[in-house]
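Colleague: Here the protein sequences line up with chains E and L, keeping their order. What the first sequence shows, in the UniProt record's numbering, is residues 1 to 730, in sequence order. What the second sequence shows, in the UniProt record's numbering, is residues 1 to 730, in sequence order.
None of these hints come from the bench; they were simulated from the model. Source: prediction; values computed, not measured. It cannot be assumed that every hint is accurate.
Straight-line Cα separation of at most 20 Å, EDC-like style, residue types lysine to aspartate or glutamate; simulated pairs [what the hints assert, rightly or not]:
1) L:K80 with E:E538
2) E:K628 with E:E602
3) E:K80 with E:E558
4) L:K84 with E:D239
5) L:K89 with E:E380
6) E:K84 with L:E422
7) L:K82 with E:E558
8) L:K89 with E:E70
9) E:K82 with L:E558
10) L:K89 with L:E117
11) E:K127 with E:E117
12) E:K192 with E:D239
13) L:K82 with L:E70
14) E:K232 with E:E560
15) E:K89 with L:E422
16) E:K591 with E:D542
17) L:K591 with L:E560
18) E:K80 with L:E560
19) E:K82 with L:E560
20) L:K127 with L:E422
21) E:K80 with L:E558
Protein chains: 2
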Amino acid sequence: MSSQRRLIDCESDEENVCEEVPAHRRNRRNEPTDFNIPVTNEADADPAFNLNRRSKEASQYESLDYDVCENVLWRREQTKIKPKFTVRKDFSRWVISLQIGVCTALVACCINIVIEEVSRLKYGFLKRQVDENVLRGDLSIPYLYWSLLNLVPVVIGATLVAYVEPVAAGSGIPQVKCYLNGVKVPRIVRIKTLAVKAVGVATSVIGGLAGGKEGPMIHSGAVIAAGISQGKSTTFRRDLRILQHFRDDHEKRDFVVGGAAAGVAAAFGAPIGGILFSLEEAASFWNQSLIWRTFFASIISSFTLNLILSAYHGLSSFHYRGLFNLGEFAPLPFEYFELPIFMLMGVLGGCSGALWNAVNSRINMFRAHAIKQRWAKVLEAAFVAVLGATFACLMAYTINDCRPLGRDPTEHPVQLFCQDNEYNAAAALWFQTPEATVKALFHDPPGSHKILTLAAFVLDLLSAVVRDRWISSALPLQAFVSPGKYALIGAAAQLGGVVRMTLSLSVILLETTGNIGFILPIILTLMTAKWSGDYFNEGIYDIQIRASRVPMLPWHVEPEYQNLSAHHIMARPVVCVRLEEKVQYLMDILKNTSHNGFPVVEDGDDGSRVNGRLIGLILRSQLVVILKHSYYQESSSFWESTVSIEAFRDAYPRYPAVEDLHVNAHKRSGKFSVNMEMFMNPSPYSVEEGTSVPRIFQLFRALGLRHLVVVSSENRVRGIITRKDFLKHH
Amino acid sequence: MSSQRRLIDCESDEENVCEEVPAHRRNRRNEPTDFNIPVTNEADADPAFNLNRRSKEASQYESLDYDVCENVLWRREQTKIKPKFTVRKDFSRWVISLQIGVCTALVACCINIVIEEVSRLKYGFLKRQVDENVLRGDLSIPYLYWSLLNLVPVVIGATLVAYVEPVAAGSGIPQVKCYLNGVKVPRIVRIKTLAVKAVGVATSVIGGLAGGKEGPMIHSGAVIAAGISQGKSTTFRRDLRILQHFRDDHEKRDFVVGGAAAGVAAAFGAPIGGILFSLEEAASFWNQSLIWRTFFASIISSFTLNLILSAYHGLSSFHYRGLFNLGEFAPLPFEYFELPIFMLMGVLGGCSGALWNAVNSRINMFRAHAIKQRWAKVLEAAFVAVLGATFACLMAYTINDCRPLGRDPTEHPVQLFCQDNEYNAAAALWFQTPEATVKALFHDPPGSHKILTLAAFVLDLLSAVVRDRWISSALPLQAFVSPGKYALIGAAAQLGGVVRMTLSLSVILLETTGNIGFILPIILTLMTAKWSGDYFNEGIYDIQIRASRVPMLPWHVEPEYQNLSAHHIMARPVVCVRLEEKVQYLMDILKNTSHNGFPVVEDGDDGSRVNGRLIGLILRSQLVVILKHSYYQESSSFWESTVSIEAFRDAYPRYPAVEDLHVNAHKRSGKFSVNMEMFMNPSPYSVEEGTSVPRIFQLFRALGLRHLVVVSSENRVRGIITRKDFLKHH
């Protein structure tokens, strides 16, 4: 077992590191050193102790603890629980789902209304500028204004993202996927992230960048769900003292599933698509009541959004079915002979999607290498914003595509050099948000926009690659074909080729276009697009996840692991603790290893912890809380009755760092010890050394495990497996 | 631990019993006796041996083995497998899904076309009879004909079901649910069952019984999937020698999921509803590729059905979207103030559905007690058939609801006592299949049918309770309200109140009515119906499952198990085997216990099997095959190379009964022994005695376990848990 191998087991508390760790400690983390911990009198000279080299990359992500720790405290609480409490708990789950739906929709509405109103002001102002200045023949002033009006919001948004919360960059979908898979992406479900994301989306769309709202909405839904379900906010230092029972990773994840679904529902007006998105991306941990609650959150979200936007736009119609929609399509009849054509389009979409993904990932890799400083990121965004304005102006000024007024429902028809009663179609395309442009392309009668106009527009949208939003990347392609059903199929093929979702995407398209008779062509197209795309590479989110080296569990174990057994992949030796353990030893292992779980063992044959029989598992987070509260056996203040499971819940999810624990020398002196009996998980999952890796993988996937102890046939600890041990790139 | 407790562990081979067991043995099974097995010299006097009382009820159902047995044979095969083979295996999964979709649709089409054609002949003949005889004033002859034409097909169908394959009775949905949950319902996925079911459905609909086709279609899809995926038919004694790798419960179940989805897709023309049905009912074992394959099967099924029925009805239109559909609805606009009304209807639907479920289960219980003989069942069906004819004649003859010809698109307008150019509306309702009647009720203009007509019709349909099909039970209720959206909502509320599905049912209704704008009211109604119904009792399928005492695992562990641990529910002592075991002992335990899994142990401290360390698990089915093939250590014919995993696959799923094994006295004499090493599962799942039951339940649910060995902290066998141990009614 190489030293490389041994690192894999380390899961560190990077989340805490980034937030609460003093500078001196952060430095230490970044330089991998071999710890040869000061072996105290108390700590046995376990060989386990010199394995702890920290690897920055491997330790950036932790796993979530989906497994409920059924220790004595938990059982004691369980026996006190009355049936009424269970009912109330279940009821609050539904209430929280309701709140998640409502809040997600509210956020979506806010973003939408702000974008709409500000864009109206912006383009109204620009139109007036153009109209005034075109008479004087000087178009540089509107150009400058335009650049400025693109630049300012984009710089604001980019600065926020770069300096305040970098994790808010991008669509957020890969991160949410990882979270649902069981990876703790640092800071991904914080309120600050939500705020930055919302402002970032609004400013970038106002600034004319072709960024979709669907990814951010999914991410926002997830944050809202994580926030509401906890009844407290660490950011605001508020604890409402409610919902304490939902303060564990398991319950939180269940709500995040609902939040993501509500986000999709709000973004597309697609409640069923919402639940299917959550399902298709996180199908490993489902049960019926979770399905129903998630469905409820989606419905409420899309209902609230519809209600609010309808009210906002005048109560006459209830057609605002989602933030993004392609408008209502008339029924699209199709003939069976067209199906092969659709499938061919699917193949083309799959291939071009695969190409897109490859190019996108290359560009992203290049950007990750070239643009590292924060100011450079802001500068990049600013550059793209000005480029957009330049491009738009060039096109509007040079392409003289005049059309009679009144046929096109554009809000700001610009006359430019056209006759009276005519307007410039190229300019009209630009004098609206990118989304409205896309919708116009879908629904305007054929020939409304000359190919040249469209080609230029597509070229520009392609520059949006840097923003990796899929809708914007996919839809323009339809411009090359006639509007109507082929446009829709083309868009579906392109989308399917990029994201490789079938079930959820087909339902989203179904719900977005409102055309159920057309479901068969859409599904066929998406299937063929997926198949042909999968021949070349993975979907864009998976590529991004792989690139960011998040230890996400795939659906099936990698082929090279197929014939291995537990002892091939397990990390060893394992740092174990005894049932009764000295404070000094615990402090040492917490400080000098980055493990998050420690098997509790009986003493081995030679009296050491090595080869001890497994009797439990204790987590780093538990040990930290125990030490913080001085739950020592010898403490005069310690009686069992004062020890409460609430102490552990209150610390969730940001447990104190070890370095912030101040255990005075007296307590470290050796007199004080911790009895794990009450705290440890007395029945951790374990497997025998010879168990095959696919079988272990199945356990991780099905149960959402974080630690799996490997034991001999005599139940002696041999090694430990965490999710990183399944990923070959480590 | 009471003796009652000990019985629960027994899972017997009832499937084999019913098929291949000689009469003398079947008799023995039915009389529960205490076996005190002849303790041979070889067999230690394990206390485990006098526990084996057979309980007919508990042993009727086995579990499926979802866990892959990764023994030496399997691993040896795995190492030989080339990547190419894995690709080919995955490809064949898709091909099988395609076949499942196509075949399910074909079966659906056949049933549909037969029903349609025969019904046309039947009602055409009856109309002529009525027309001829009404002039003579004697209506008894058409009545007799009608009775006869109802009676003959119904008796044929009922006889088939009662005498040939009783498991084909009923809708089949509860049975499919059980199968997906992991219960081996005897003979449920056999070709014979499918044949009887198909004929039974056709004859009962032709005979005028109000039975839906949706339940049978789901069941048929499941059978087709199970059949196609295995590449052999035991019934026809054919083995195509293909697809051997799919011959285990795990693979088979995955295909059955697809088959059930394809069945829904064919029944309702609802591909998305199909996959959601499978999902909502069996969500515990999912992964992404299974979702996609299932979706594919659904799509292909609904596509094929559409194509064939469209071709059959003339290639002009492609509107045959499913066997059952409510016809196309015009867009149904709704106002927000109507939502509370819809929700109120949901509450009413939920309450009446709960009432219906209660009444239905009482009636079924009564029938189960009163009608036990097979001939009585046939007689009952015949009685209902004649009753139907009587009722229809009475209504047609006495209600003089005359309408001008041409407004109603009924196929056989009967004049009866009406004026020329008029027809009798009451008779028209009856001169078609029940399904066509329901569709007419939905779409005919308001006032087409007088309330009296409808009320009588509803009363009759209620008699269909005996057939427990939900569509037929739910839809007539809409008759009391105006057609259109309130009819649809009323039907949804009633359906939701009876079956308590939300997600899949809303999508099915959405796809069936083709009205996506109406999805929000439908979902709201279904949700409220479910909530209010759940206040009183469970959904109808769950009630039926509970009544039939199938050990189906619920979604959550029963509350009374909440605070128990493994040692509270485990069965003990356990019959264990040693790594090397004498043939005689194996024959003894196979014959005298009904256990399906035996832990393999090292010898305990006292040299007996009691308290041995767990080193593996061997299944009854494996032992039977080992003995049948004489895989003894001492056999001259035995070399490892001749032992193949194929021998085990070939015997799947109908393993020989122990009594059919003829092991001669010489081999029993004690010289021959079996070495388990190569056959046993070397890493069975095990838990420690103190593990909480909810945690164990979670394991069963997530992994589809059949046996879970309970061990001490030294890994010594203490007990064993099977799924029956979680069900309180045992």
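Colleague: Starting from the hint list further up, note which numbers the structure goes against and sort them upward.
Modeller: Violated hints: 1, 2, 3, 4, 5, 6, 8, 10, 14, 15, 16, 17; rest satisfied.
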